[in-house]
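Chemist: Following the hints, position chain B against chain A.
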Amino acid sequence: MTDPAEDEELVRRFLAGDQHAFAILVERHQTRVFNVSLRVLGNPDDARDATQDTFLSMLRKLSQFRGDSAFTTWLHRVTVNSCYDILRKRRRQPRLRLIGDEDDPMPETGPPVADHADATVGSIDVSRALQEIPEEYRVTLVLADVQDVAYEEIARILDVPIGTVKSRVHRGRIALARAMGLDMPGREPTSAPPPSERES
Amino acid sequence: MTHPEELLAGYVDGTSPAGERAVVDAHLAECLRCRREVTLAGSARSALGSLAAMPAPSGVAERALAEAEGAQPHRQAGVTPRWYRIAGIAAAAAAALLVVTLTLPHIGKSTTSIADAARTNEKAGGATVPTTAQAPGAIEIQQVDYDNASLSALSGSYAGGAAAVSTPTPGTTMSTAVVTGTPAQTAKALACVAKSAPKETGQPTRLISARFQGTPAYLVVFLEGPGAGQAPDSVVVWVFAAKDCAILSFSNARL
Numbered sequence: 001m002t003d004p005a006e007d008e009e010l011v012r013r014f015l016a017g018d019q020h021a022f023a024i025l026v027e028r029h030q031t032r033v034f035n036v037s038l039r040v041l042g043n044p045d046d047a048r049d050a051t052q053d054t055f056l057s058m059l060r061k062l063s064q065f066r067g068d069s070a071f072t073t074w075l076h077r078v079t080v081n082s083c084y085d086i087l088r089k090r091r092r093q094p095r096l097r098l099i100g101d102e103d104d105p106m107p108e109t110g111p112p113v114a115d116h117a118d119a120t121v122g123s124i125d126v127s128r129a130l131q132e133i134p135e136e137y138r139v140t141l142v143l144a145d146v147q148d149v150a151y152e153e154i155a156r157i158l159d160v161p162i163g164t165v166k167s168r169v170h171r172g173r174i175a176l177a178r179a180m181g182l183d184m185p186g187r188e189p190t191s192a193p194p195p196s197e198r199e200s
Numbered sequence: 001m002t003h004p005e006e007l008l009a010g011y012v013d014g015t016s017p018a019g020e021r022a023v024v025d026a027h028l029a030e031c032l033r034c035r036r037e038v039t040l041a042g043s044a045r046s047a048l049g050s051l052a053a054m055p056a057p058s059g060v061a062e063r064a065l066a067e068a069e070g071a072q073p074h075r076q077a078g079v080t081p082r083w084y085r086i087a088g089i090a091a092a093a094a095a096a097l098l099v100v101t102l103t104l105p106h107i108g109k110s111t112t113s114i115a116d117a118a119r120t121n122e123k124a125g126g127a128t129v130p131t132t133a134q135a136p137g138a139i140e141i142q143q144v145d146y147d148n149a150s151l152s153a154l155s156g157s158y159a160g161g162a163a164a165v166s167t168p169t170p171g172t173t174m175s176t177a178v179v180t181g182t183p184a185q186t187a188k189a190l191a192c193v194a195k196s197a198p199k200e201t202g203q204p205t206r207l208i209s210a211r212f213q214g215t216p217a218y219l220v221v222f223l224e225g226p227g228a229g230q231a232p233d234s235v236v237v238w239v240f241a242a243k244d245c246a247i248l249s250f251s252n253a254r255l
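The listed protein sequences derive, respectively, from chains A and B. So for the first sequence, the numbering used here puts the first residue at 1; every next one is plus one. So for the second sequence, the numbering used here puts the first residue at 1; every next one is plus one.
Bound conformation, chain A alone (with noise of 0.2 Å):
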């Protein structure tokens, strides 16, 4: 429901000297920050630091914002970002792992990603699932099945050709699959593909 004019017209503010619609911008975007943040990272403790990040980034890269795109792309973009380097930092601080551990490839280091009191089993699964495929496939499935950004948008974001967003959505959905256990060797599909969700 955020308005894009209503963005570009706090950003612009922002720049004049008017230090409240900052504070307004963040307000209206720190869910969708945090939450493109805890699904790609996996753990609310990283999602907190991610967030954090990326206001401060937002904060000091505001004045190269040109409009050139719509204010939600270049912020997904400085979240991104974030949550890369904080994967880069994971990557370089192997975490120890104690024995037993194997049972378990992505234990989470905080509570576990529950989300609200309708949380089932098979939500958690895939949040857990989620992490255990290819990071270039979690982004592009986040932005796009989690958060409906269009596949243009993705493909702006992440700054690659449209089709590859498309390969990745797809590939990046039968990784997800097979993480979570769907994929039954053999079992031919007895229904028609699902119906259309985001009809054009």
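FYI, nobody ran anything at the bench for these hints, they're computed from the structure. As the structure is a computational prediction, the values presented were derived from the model and not from experiment. By construction, the Cβ of each residue, glycine as well, lies at the ideal position given by its N, Cα and C atoms. Treat the hints loosely; a few may be bogus.
[Stated by the list, open to error] Footprint (simulated), chain A over chain B, 3 or more residues, beta carbon under 8 Å: (1) 32-46; (2) 55-64; (3) 186-192; (4) 205-215.
[As the list claims (entries may be wrong)] Computed spacing ranges between beta-carbons, pair by pair: (5) B:Pro4 with A:Ala150: 18 to 28 Å; (6) B:Glu69 with A:Gln64: 18 to 28 Å; (7) A:Asp183 with B:Thr215: 52 to 62 Å; (8) B:Gly225 with A:Gly163: 41 to 51 Å.
Modeler: For chain B alone, coordinates are given in the frame of chain A:
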């Protein structure tokens, strides 16, 4: 056989144009592998759609906000964050919360006592001042010109910030009269909420028609929480221009 991998993503989520769908349908009729993949991809997409949005933790942008205000962004170790101190005040003042809410329509009146405020409410037609737990009833019509300071006082008052409420903001109160608006006025304010409020804010708990820095405005109070049936832990007040629903300002506070 060549598989139309790039076309399958849009096919599964329904964004493909008709021509592409026809191409994929023709391919699926002959390709077991792609039929399986389409089924798997549809299941994965459904699973991802079941992930509910989580509220952002309170204070998640604290450093950036502090930096934006020119304040020291890096807290010293061991120093209690400001909102923790406010929360402490709120806890101590919890017993006075009801009294505090009675004074809310009178923010900015430098000499109004709590008793005066209550009497004025009564004189103005007995309009009920909502408590923090109520769903919005009719919109309150306040003859008050808010600014960012008095707006912060309004949100802070829900946290029991009695000191903030009693801090005068000279010249902002045009009249202490509080009346209840018509259903049409209430509906117009709710339309602004639907148009301009962030979708994560949920349902408003209080609607106020007043002015903000001279502009006719709606002040809309939301209580936000972590979900999962837990009690709200913060209050957000959005300010929308009555003319076009543009966001003019907002303020938030911990409950």
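Chemist: All hints, please: hold or fail.
Modeler: Status of the hints after comparison with the structure:
1. Residues of the stretch 32-46 of chain B lying with their CB closer than 8 Å to a CB of chain A number 13, which satisfies the three-residue condition for coverage.
2. Coverage of the stretch 55-64 of chain B by chain A holds [criterion: at least 3 residues with CB-CB distance below 8 Å; count 8].
3. By the rule of at least three residues with a Cβ nearer than 8 Å to a Cβ of chain A, the coverage given for the stretch 186-192 of chain B is violated, with 0 such residues.
4. Only residues whose C-beta sits within less than 8 Å of a C-beta in chain A count toward coverage, and the stretch 205-215 of chain B has 0 of them, not enough to reach three; the restraint is violated.
5. Our hint of 18 to 28 Å for proline 4 of chain B and alanine 150 of chain A holds, since their Cβ atoms are close to 20 Å apart.
6. Taken as a hint, the range 18 to 28 Å holds for the pair glutamate 69 of chain B and glutamine 64 of chain A, whose Cβ atoms sit roughly 21 Å apart.
7. The given range of 52 to 62 Å is respected by aspartate 183 of chain A and threonine 215 of chain B, whose C-beta atoms sit roughly 58 Å from each other.
8. A hinted range of 41 to 51 Å holds for the C-beta pair glycine 225 of chain B and glycine 163 of chain A, which are about 42 Å apart.
Checked against the numbered hints given earlier, this structure breaks hints 3 and 4; the rest are met.
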